[in-house]
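The chain contents come next:
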Amino acid sequence: MKTMPIKIARLLLTAALLTLAAGCGETGSPATDGTAVQEAGHDEKLGEEKGEHDEDGHADHDEEESSGAIKLTPQQLQSAAIEVAAAGPTTIRERLPLYGVVAPNAEHVLEITPRFPGVIRSVTKRVGDRVRQGEALAKVESNESLQIYTLTAPLSGVVTARNANPGEQTGERVLFTVADLSTVWVEVSLFPRDRSRVQVGQAVRVKSGETGQAADGKVVYVAPFGIASNQTLTARVLLDNTDGRWAPGLYVAVDVTLAETPVRVAVRNVALQTLDERTVVFTQGPEGFRPQPVEVGRSDNEATEILGGLKAGDRYVAGNSFILKAELGKGEAEHEH
Amino acid sequence: MIDALLRFSIARRWVVLFLVLVVAGAGIWSYQRLPIDAVPDITNVQVQINTSAPGYSPLEVEQRITYLVETAIAGLPAVEYTRSLSRYGLSQVTVVFADGTDIYFARNLINERLQQAKTQMPAGIEPGMGPIATGLGEIFLYSVDAKPGAKQADGQPWDATALRTLQDWVIRPQLRLVPGVTEVNTIGGYEKQFHVTPDPARLLAFGLTFDDVVAALENNNASVGAGYVEQNGEQYLIRSPGQVGDIAAVEQIIVTHRDGIPISIRDLADVGLGKQLRSGAATHDGKETVLGTAVMLIGENSRTVSAAVAARLAEVAKTLPEGVTAEPVYDRTVLVDKTIATVRNNLLEGAVLVVAVLLLMLGNVRAALITALVIPLSMLMLMTGMVATKVSANLMSLGALDFGLIVDGAVIIVENCILRLGERQHQMGRLLTLDERLNTVFNSTREVFTPSLVSVLVVILVNLPILALAGVEGKMFQPMAFAVIIALLAALALSLTFVPAAVALLLTGHIEEKENRIMRVARQAYTPVLDGALRFRVPILAGAVAFVILCGWLGSRLGSEFIPSLDEGDLAVQALRIPGTSLTQSLEMQFQLERALADVPEVKTFFSRVGTAEVATDPMPPSISDGYVMLHERKDWPDPDKTKAELALEIEERLEAVPGNAFEISQPIQLRFNELISGVRSDLGVKVYGDDLGQLLIAGNQIAEALNEVPGAEGVKVEQVEGLPVLAVEPNRAALYRYGLNVADVQDVLAAATGGEEAGQIFEGDQRFSLVVRLPEELRSDLDALERLAIPLPAGGYVPLAEVATLNLAPGPNQISRENGKRRLVVSANVRGRDLGGFVAEAQAKIDSEVRLPPGYWLTYGGTFEQLQSATERLTLLVPVTLVMIFALLLMTFGSARDAALVFSGVPLALTGGVIGLWLRGIPLSITAGVGFITLCGVSVLTGVVMVAAFRDRLAQGQTIDDAIREGAMLRLRPILMVALVAALGFLPMALNTSTGAEVQRPLATVVIGGIISSTILTLLVLPGLYRMAWRARPEPIPAAVATGESVA
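Chains as they are written, first to last, in our numbering: chain A, 1 to 337; chain B, 1 to 1049.
Be aware that one or more of the hints could be misleading.
To be verified - No more than 27 angstroms apart at the CA atoms, straight line, and that leaves these computed lysine-lysine pairs for DSSO-like: (1) 287/B x 330/A; (2) 330/A x 644/B; (3) 218/A x 71/A; (4) 147/B x 338/B; (5) 330/A x 717/B.
Stated by the list, open to error - Far from chain B, by Cβ distances over 10 angstroms, these chain A residues were calculated: (6) 172; (7) 214; (8) 230; (9) 324; (10) 325.
Unchecked claim - Which residues of chain B face chain A? A partial, calculated answer using Cβ under 10 angstroms: (11) 200; (12) 264; (13) 592; (14) 733; (15) 802.
Just so you know, the hints here were simulated from the structure itself, not pulled from any lab data.
Because the structure is a prediction, the values reported are computed rather than measured.
Backbone N, C-alpha and C define an ideal beta-carbon position, used for all residues, glycine too.
With the hints as constraints, model all of the structure from the sequences given.
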C-alpha cells in the first residue's frame, strides 16, 4: 500500500516537471531538463530511503530471532502474569480412569437350598435382614423323614433373596441367598488399549458420581479371556464395604493407579508448548527466556517427567508460557483476507 | 458564441440574475442532499457472502461450502474476480464487481445463484450476504456495560451473557430501525443458551446416548396448532402448548422408562444457563464488554445517520435496567463535523480574506461584493454538480478548492471593467449613459476574458492525468480533480454571465479611475524595478534559471509520501498473535494491552474487537484483535502541542512492552479500508494456484527462494496457511468393523459431545434461546476425558472413543484462501533500490527457469506493480498529450509559438516557490502537493497570458517594444497583484490551520502560496525582460487580428 502511492506521486511530480521541462525547452533554456533528470534520480533515492527504513525494522527483529532469547522486564513479567518455577524431582502418578459396576463379591454369596425337600414350616428372616453365621433362616419338614430341621445361614451377611414362605413345598429350589457385602467387587471392562496396563495388585480409587463418595481398593483379578461382543476383559477390584455404602448394581468411576514413579526432573504440564512440532519448555537464563526442546517421559495430570533438555534446578516458565511462545512467533502473525 | 452570450447577459441582466438565483436555489437544495463524509470512499463494488458453519474446520468449510458458493457465482456478469476464505466455522466469499456496477443488481444476481447452491449444502447451513455497506459503513460503535456492583432482578450480577441478551433483544432491534442503518453487528458477551450437560457415566449406567437425550428434548418442547372445530355456530381454534419455559421444566422431561421407572433429564444431566462457543469477544478498558456496531447503508449521509443512531441510543439507554449503560464509544459525526468544520473555516476565512483584498485593491465596495458573490454561487453550483454525479463532499473533494483561484477570472474581469468604466467617465467628464455603460462593460469583459478562459482550461487540462488514475488512487483523487474542475467551470460560466450582468447593473455611480493608495505605492515601487528588470534582463534571466535548478535540487531533497493521511483523531491498533491462539488467551492478552494504556493521559478509552463478530464482515481469527484507541480532545491533553505521531510512538512503545503481540497501528477508517480492499499489498505478489495445500506450500517456498536471489528483493514472505493446532479424531475402520459401528456413529457422538447439539429452543416472551446438549465443560476441555468418550454400541454397551479412533494433535491449515475458484498461495516481495519493471521481469524469468510446478498448477503475477504499470502507461500517454494540448491552447490564443512559449516559461518559475514553500515548512512531496503544483500551472498561465496579451495589444497599436512592455506591465500590475493576493490569501487559512483534516490541505496550500509569490515576482520581473529578448529581433508590430486571442472565441 505504501510504496505504490509514492510511485504514483513520483509520476505526477515527474509529469509536472516534464511540463516544466517542455516549457523551458521552448524558451531554449537547457537548465530545466537538467532539473527533470535530477528529479528522476532523486525519486530513486527516496525509494531507497524508504526501503532502508523498512530494513532497519526487520533487522531488529532478526536479531531477536537469531539469539532466540526473549528479554522481559520485571514489570512485563508481572503484567503478563508469567510465573517461573524450578524444575525438580516429583512423583508421577500415572492413572487410568475407567468405568465399572459394583457387584457382590461372588466368593461371599451363598445360595441356600434345602438339604431335604419338604414343607416350609416357618421363615424367620426377610430380604435385607442381617444374619450371622449359623443363625436360623427357616424350618423345613422333610418329606421323607417328616422331621423338622433348621436351615441356617452358612455365613454372616445380608439376605438378598428369599424364595420361601411357610406352607410351600421347597422342591430343589434355592430358598435364600445370603451375601456378605462387607466386601464388594467392582467389575471393570478393560478395552484392548488398556489391557496390558492393568495388573493384579494395582491400587484403585473408586468414585461415585452421584454421591461423591470415594474409596480405595485393589485390582484382584484380570480375566484371562475376553468377551467377544464388546472386545473387553473384565478386571475386578476388591472394595471394603463394611459400612454398606457401595450397593451392587451402581455405576462407578474407577481410577487405576498404574504406577507411582519418583522422577528426578519434572515440570508442570502447563509449561509444555509446541514449537515447530517440537515440545519445548521456556527456560530462564541470564540473557532472557529461550525455548528449550525437551524429551518428555511419563506424565500425570499435573506434571511431566523431563528425560532430556532440562536439569534439576533449571528455572522454567510454569505459568502463562504461551505468552512467550506468542512473543517468539509474533513476527509471523499476520492478517490475510 | 462567447460574444453572443456576453451580449445577452448584459442586455438581459435581470433575467441572468434571476437565473443565477434559480441556480443558487438548486444549489441549496442539492446541499441538503449531498452525502457528507470525512474521507472519500475507496471501497470497490463488492458483495460478501458469509456462511457460518459452526464446528466445521477450514478444510470442511472449503469443501462443503466455499466451493459450492464459488461455483454458483462463477460466470456472473461484471464480476472482476472472486476471492474466498475458509476458516474455522466460517466461509467468506467476496465477489468484486467492476466499478460502477449497481450494488443492488449485483446482490440480486448473487441471491439467485445462492438459492441453487444452498440445496447442495449440508442441512442447516445458510449462506447470506454481508450488509449493503462500504468501508465507511461502520459509523457508530457503542458498548453495553454494567456499573460495578449492579445486580439483575434475580440478584445475579450483570455478566457478559446478560448484557448480550439485552443487546440482542432490546438495543439492537431498536437501532436497526433507524433510517440509513443496514445492520447492527454485535460482538462480545455470550449468547444465552440453555445447556443440558449429561454425565457420561450416568448415560452409560442407563444405557442411553446423547441422541436419546436430544430426541427426548425435541419431542417434548413444541406447541402445536391443531386446526379448529365448529361448535354451535362458533369456531374454536385448537392449540396445544407444549413448550418448556424454564430449567425446571427441562429437567422434568422424560427420556425413557426402565423397569417402569421413568428416567428424566434430571437423572442424567445438569441443566443450566451456559455459554455459547463463540468466535469473537469485545473488551473495553481492560474488561469484557458487549460492542454494537451500527453499519450505514451504502450512499447514505454518514453524519445524519450517525447522529440519528446516537439520538436513538440515548433514548434506548434510558429504558435499560438500572445499572446498565449503553454508551457510544465511536461516533463518526465527531470526525465528520471536525473535518467539515475545518474545511468550512478554511473556506470562510479564505473568502473573507479574498473580499478584504478585493475591497482594498479595487476600492469599490460594489465591485468587490460582485466578485465575492462568485464564491458562494460557484460553490452552490458545485454542490449541484456533485449531487448529480454522486460525488460525496469530503476532505479530499473539497480540500483542493481555493476561493482565490475561483474568483481569479472574475477579479480580472471586474478589475478591467472598473478600469475602463473609470477611463470612460474620465474621458466623457460625466456619468455614462446606460448604453455607454453596457458597451464599456462588454468591451472590457471581452478584452480580458481570454486569459481567464485559458487559465481555467489549463487547470482542467493538467487535472486530466489525475482523472485517469485507476483503483484506489483514482477513487481518492478523482473527486478532488472533479470538484476543482466543476468549481472552475462554474466560476467561468459566472464570470461570463453573472459578473458582466451584475457589473452592468450595479456599477452605476461615479467610478474613481484614480487608484487608491496601496496601488499607487505599488506602482511607484514597481516602476524602477521594472526599469531595472529590463536593463539587467540577461543576468536576471540567468538568475532565474539558476534558481529553477536550485529548486529542482531542493525538490530532490524533500521527502515523499502518498497523501498525508487524514488524522481521524483516534488510533486503531490491530494486535496480531500467532495463529492458534485461543480466544480466551487472546482476550487475556488484549486486556493486558488495554491496561498498558490505561494511564496514558491522552487516551480517553480503548476498546477492541477480538475475533469475528456475529455478522462476519471482517473474518478475523481469534488470534487477532482490532483495537480502537479513542483520544481526548487535543485541548485536554497535558501537552496540547504534542503531535499525533509522537503520541502514536509513545503508545506503540507502551504496547511493545506487553509481550506476545505484533501490531499494526493505523486509524479506524483506514483499518477498515485495508480490510475491505485487501488483495496483495506488496510490490510483487506471485500467486500459485493448485489443488493440494502441501504442494502449494512447496511451490511457494521454492518461489520465495528464487525471489530472494533476485537483486532488490526485500521482505519475501510466503503466505501463512498452516499453524492452526488441529485435533484430528481419525476413525479406525478396522476397530469400527469389529464393533459394528459406522463412522457417522462416532462422529455424531463426538460432535454432540464437544461442539454440542442443538435440541430446540426455549422461548421467553419474544426472546428465544437455544437448548443445547453438550458435555460438561470440565470434561469437554479435558483431552483424556475425550479419549474415554463413550460410543454406544448397537448391541448395547459402549466403547471408548480412543478404541475406535486415533486422536492426533498436529498443526493443520489455518485458513484456505482461494481466488477465482481455485486454491491459491501468495508469495509477496517488496522491491528496493531498483526499478520495479526490471525486477519483475527478472523475477519472472528466474521463477520460470527454477521452479517446476506439477501439472495442474499455475502462477500469476500481481501486486502493486500491476497498478503502477497501468498508471505509468496512462500517464506516459496522457502527460505529453496534456502538455501538447496546453501548448496548443496557448498557441491558439496568441497565434504565435513564441508567445505561447513565453507564457509557458512562467510555469517552472511558479513551481520553484512551491518547492521552497515545502522545504521551508518541512513538508514532504505528496499527491496533494502535486495538486498544488497543478493549480500553480493555472495561476502562472493566467498571469502570463494577462501580461503577454497586454504587451501584444500595445505592439499591435504600433508602440515600440520597450514602451509596449513598460506600459503593458504597469497596466497589468493591479490585476496580477490581485490575482496573486486572492489566490494566496484564499489558501492562507488552509496553510496555517492545525485542526482535524488540515494535514491533507496544508501541503497543497503551502505549495500554492509559495508558488504564487515566486510566480508573481518572476512574472513581474522576468517575463518583461524575456519578452524583450524574444521579440527584439522583430520590432515590426504583429497583426492586430491575432491580438488578445480572437481565435479562441
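Quiz item: Which of the numbered hints above does this structure break?
Solution: As far as the earlier hints go, 3, 4, 8, 9, 10, 12, 14 are violated by this structure, in ascending order.
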